[in-house]
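A.B. asks: Sequence:
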Amino acid sequence: MALYGELSHPKRYITTHSEDGKAIIDGTLPAELPFNEVPSKSVGLSTCYVTEGFPTVLEDGKDIAVYQKNLINPPGLTVSNGTVIRYVDMRPDNKAIMHRTISLDYGVVLEGEVELILDSGETRILRRGDICIQRATMHAWRNTSATDWARMLFVLQPVQPHAVGGKELVEELNDMDGVRPSS
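First residue of the sequence shown? That's 1 in the UniProt record's numbering, and the numbers climb one at a time after it.
Rather than coming from a laboratory, the hints here were simulated on the basis of the structure. Treat the hints with care, as some may be off.
[Said to hold, decoys possible] Restricting the straight-line Cα-Cα distance to at most 35 Å, the calculated cross-link-like pairs of lysine-lysine (DSBU-like) are:
1) Lys11 <-> Lys22
2) Lys22 <-> Lys41
3) Lys11 <-> Lys95
4) Lys41 <-> Lys11
[As the list claims (entries may be wrong)] Ranges of calculated distance between the beta carbons of each label pair, as one might list FRET restraints:
5) Ile14 <-> Gln160: 28 to 34 Å
6) Gly129 <-> Ala23: 26 to 32 Å
7) Leu118 <-> Glu19: 48 to 54 Å
8) Thr28 <-> Asp93: 25 to 31 Å
9) Glu171 <-> Lys69: 19 to 25 Å
10) Ile24 <-> Arg127: 32 to 38 Å
11) Gly166 <-> Asp26: 43 to 49 Å
12) Val57 <-> Met98: 21 to 27 Å
Bear in mind the structure is a predicted one, so any value in this text is a computation, not a measurement. Ideal Cβ placement from N, Cα and C applies to all residues, glycine included.
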């Protein structure tokens, strides 16, 4: 069943090991990913997985417990000591507010065509399969289609404090619809 327009509702499968050491699918969580709409219904977000700490601890399902905790109490866009992988579905002709996270983000267009807009005024059109590496820059996204939803997949990870021109950068969400500050 389509979640937004013709976009599919993706599933998430987590692997683990059987008692005899064989790789199996972990059944702790259902495969169906929860999607949340922001209040304006312009964007749908799904937190696919969250980790805390480096390196991630897999022993006794500790990483799965961290993810479950973050499903109950979702993080902001980033987690200061871990990673977040998230789907972002964008309504047709929707432009996100200009924002900055203090993180290194990998953004991959999975469906549609999305325009990257930087605060310098520079833009790029990204099509299916294109990747943007966001390095704590001020940016916005725009779905270029007037009729079809677009989907991106983001992997966000924290970075060390970062300064430009002698000024330390800070997260700037600018009242982004339905998004909490990062933790």
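A.B. asks: Each of the hints needs a verdict: does it hold here or not?
C.D. replies: Verification of the hints:
1. Lys11 <-> Lys22: Holds - the C-alpha atoms of Lys22 and Lys11 are around 22 Å apart, at most 35 Å.
2. Lys22 <-> Lys41: Violated. Lys22 to Lys41 sits at ~43 Å, over the 35 Å cutoff.
3. Lys11 <-> Lys95: The given pair, whose Cα atoms are some 26 Å apart, holds under the 35 Å limit.
4. Lys41 <-> Lys11: Status holds; Cα separation ~21 Å.
5. Ile14 <-> Gln160: 28 to 34 Å: holds, 30 Å
6. Gly129 <-> Ala23: 26 to 32 Å: Given about 28 Å between the Cβ atoms, the range holds.
7. Leu118 <-> Glu19: 48 to 54 Å: Holds - the Cβ-Cβ distance for Leu118 and Glu19, about 52 Å, lies within 48 to 54 Å.
8. Thr28 <-> Asp93: 25 to 31 Å: violated, 39 Å
9. Glu171 <-> Lys69: 19 to 25 Å: For Lys69 against Glu171, whose Cβ atoms are near 22 Å apart, the range 19 to 25 Å holds.
10. Ile24 <-> Arg127: 32 to 38 Å: Since the Cβ atoms of Ile24 and Arg127 sit about 37 Å apart, the hinted range of 32 to 38 Å holds.
11. Gly166 <-> Asp26: 43 to 49 Å: Since the Cβ atoms of Gly166 and Asp26 sit about 47 Å apart, the hinted range of 43 to 49 Å holds.
12. Val57 <-> Met98: 21 to 27 Å: At roughly 36 Å between Cβ atoms, Met98 and Val57 fall outside 21 to 27 Å, so the hint is violated.
Comparing the model with each earlier hint shows violations of hints 2, 8, 12; every other hint is respected.
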